[in-house]
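Q: Sequence:
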Amino acid sequence: MFSYYSSPRKSIRWYKRVIFHCLDVAVWNAFYLYKKYVKKDKKYKSIEFRDKLIKEMCNISENVKGSDVVRKDSMYSSQRFNKHTVENSNVAAMKGHWPIVMPVASTSDEGKRKFKYLNCKMCTKLKKRKETKYICKGCAQRTPLCPECFEDWHILYSNE
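Take 1 as the starting number for the sequence shown in my numbering and just add one per residue.
It should be emphasised that the hints constitute simulated quantities derived from the structure, not laboratory data.
Predicted, not measured: the structure shown is a model, and the values here were computed from it.
Hints are not guaranteed to be accurate.
Below, computed lysine-lysine pairings styled on BS3-like, alpha-carbon distance capped at 30 Å [stated by the list, open to error]: (1) K16 x K137; (2) K35 x K45; (3) K43 x K55; (4) K52 x K40; (5) K137 x K127.
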């Protein structure tokens, strides 16, 4: 039953995966006991229980959608961007700049990656390590950029 709504992912550290697994077990046990002793309805699903549990733990009313809870300006919530700088800049300077997937140098075998990956240039400037398979088509250096950094790189560092 854990595989249906599993929270652990392959890319997270082992200790986080253990914590999330323990949380999944606790939620599943709570669902099992709730269904056995409180709600006798056979059609009551685990995902409905999880949604209700999350809404109760976060003090959110039942009729609120998830999209209403998420902030609309989440792109600018990070400390690395200045909202006014990005909004007032000239986006027309990005003409001809499009993200494309990096071409593969050789044929990929079964055990190897299917794409070539490089570190994102903007994330590197911000001292973060993030690999990407995208490069800019319009830049002379074919700058490797992740999708989140693409527009901001061209606005902030267009002269490089």
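Q: Could you work out which of the previously given hints the structure breaks and list their numbers from low to high?
A: 1
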